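Colleague: Given the sequences, and given the hints that come with them, work out the whole structure.
The sequence shown maps to residues 1 to 339 in full-length UniProt numbering.
Just so you know, the hints here were simulated from the structure itself, not pulled from any lab data.
Here the structure is a predicted model, which means the values were calculated and not measured.
Fair warning: there could be bad hints in the mix.
[Said to hold, decoys possible] Straight-line Cα separation of at most 16 Å, EDC-like style, residue types lysine to aspartate or glutamate; simulated pairs:
(1) Lys252 with Glu195
(2) Lys201 with Asp95
(3) Lys201 with Asp255
(4) Lys201 with Glu104
(5) Lys252 with Glu339
(6) Lys201 with Asp94
(7) Lys246 with Asp95
(8) Lys163 with Glu121
(9) Lys201 with Asp313
(10) Lys163 with Glu195
(11) Lys152 with Asp94
(12) Lys252 with Glu121
(13) Lys246 with Asp94
(14) Lys163 with Asp94
(15) Lys201 with Asp118
(16) Lys252 with Glu154
(17) Lys152 with Asp127
(18) Lys246 with Glu317
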Amino acid sequence: MAALSACDRPDAAQSSAAPPTKSPPTQYPDNSNSRLDSTVVREEHHANTSVAGVANDASAVTYHRYAPELPPPPANGRLVLHWHAREVPVRITDDVVVSAWTFEGDVPGPILHCRVGDTIEFTLTNDVVIPHSIDFHGAQIDPKVAFRSVPKGESVTFTFTPKYAGAFMYHCGTAPVLMHIGAGMYGALIVSPREGLPPAKEFVLVQGEYYLSAGNGGVQVSDYQKMLSTLPDHVCFNGRPGQYMKEPIRVKVGDRVRFWVVAAGPSHPCHFHVVGEQFDSVWLGAPPANPIRGVQTFTVPAGGGLVFDLICDIPGEFPFVNHAFGHGQKGAVGILHVE
Numbered sequence: 001m002a003a004l005s006a007c008d009r010p011d012a013a014q015s016s017a018a019p020p021t022k023s024p025p026t027q028y029p030d031n032s033n034s035r036l037d038s039t040v041v042r043e044e045h046h047a048n049t050s051v052a053g054v055a056n057d058a059s060a061v062t063y064h065r066y067a068p069e070l071p072p073p074p075a076n077g078r079l080v081l082h083w084h085a086r087e088v089p090v091r092i093t094d095d096v097v098v099s100a101w102t103f104e105g106d107v108p109g110p111i112l113h114c115r116v117g118d119t120i121e122f123t124l125t126n127d128v129v130i131p132h133s134i135d136f137h138g139a140q141i142d143p144k145v146a147f148r149s150v151p152k153g154e155s156v157t158f159t160f161t162p163k164y165a166g167a168f169m170y171h172c173g174t175a176p177v178l179m180h181i182g183a184g185m186y187g188a189l190i191v192s193p194r195e196g197l198p199p200a201k202e203f204v205l206v207q208g209e210y211y212l213s214a215g216n217g218g219v220q221v222s223d224y225q226k227m228l229s230t231l232p233d234h235v236c237f238n239g240r241p242g243q244y245m246k247e248p249i250r251v252k253v254g255d256r257v258r259f260w261v262v263a264a265g266p267s268h269p270c271h272f273h274v275v276g277e278q279f280d281s282v283w284l285g286a287p288p289a290n291p292i293r294g295v296q297t298f299t300v301p302a303g304g305g306l307v308f309d310l311i312c313d314i315p316g317e318f319p320f321v322n323h324a325f326g327h328g329q330k331g332a333v334g335i336l337h338v339e
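Modeller: Here you go:
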């Protein structure tokens, strides 16, 4: 990726990391006393991920843009979801394919949207050898029951009702959690306030990190030792470095734009900033109460989510970026195109 500038539009995303190298076998921490993961089979985890049952041929994997638009909430106040934990190859740039651990076959997983007081009935089925689970930050529920690890071929079902509005992370909570999030098992649950917010064009940005080593057939694999170092190869919004540079988010003059921003980590926050703009409102907690007004940059902690509103008064191309520019340089950057 070309060097970032506050005034110039950076070039379309390219890999900025050095060629990945093999890492030594991973030594996983003892997790025998984990309350959230009593069924985990640690011996089934490997130093690096691999795609089970999929040909290791990067050339066969196509690229797609992750749609950032917020989907509508359920009209009847109830979401009934049956997801699968899967291992799939995902192309994140023109020249990088990763072996990803996923919810529903993509990184991040699907964007969920509901209102405060809606009911979410959720089932997770594990299609792979390694145990997996799901932890919703927007739920208040017994984690030992709902968020327990699920062996291959088995399922877990639970129901919850979000009590607070906001942008919430979900992720796999199976040990080592660092590995499962770092390999791609995360996403966003957006909970709108019952009374609504000002009409806006609404988008979801989930910042994530990739820590990679060389695999077979050009498919790169997640590297646990690199995750422990917290030095990512790529940092990006919605799973692909710089994807909204090539295909910007488009709005019109006069639009109110709302970014629901989640920092999935697994280790780094997002210092969210839109170049050439100021935020009309930022909500740290449940909107619409107590907005912060007139700020330019605000930090979304790893595992957290904030809501950012701005009003597009003039046309132009406005970069949005993680203002920790080492991470912006590694892919956490995009363009808001106002026409």
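Colleague: Any of the earlier hints contradicted here, and which numbers?
Modeller: 1, 2, 4, 6, 11, 12, 14, 15 and 16
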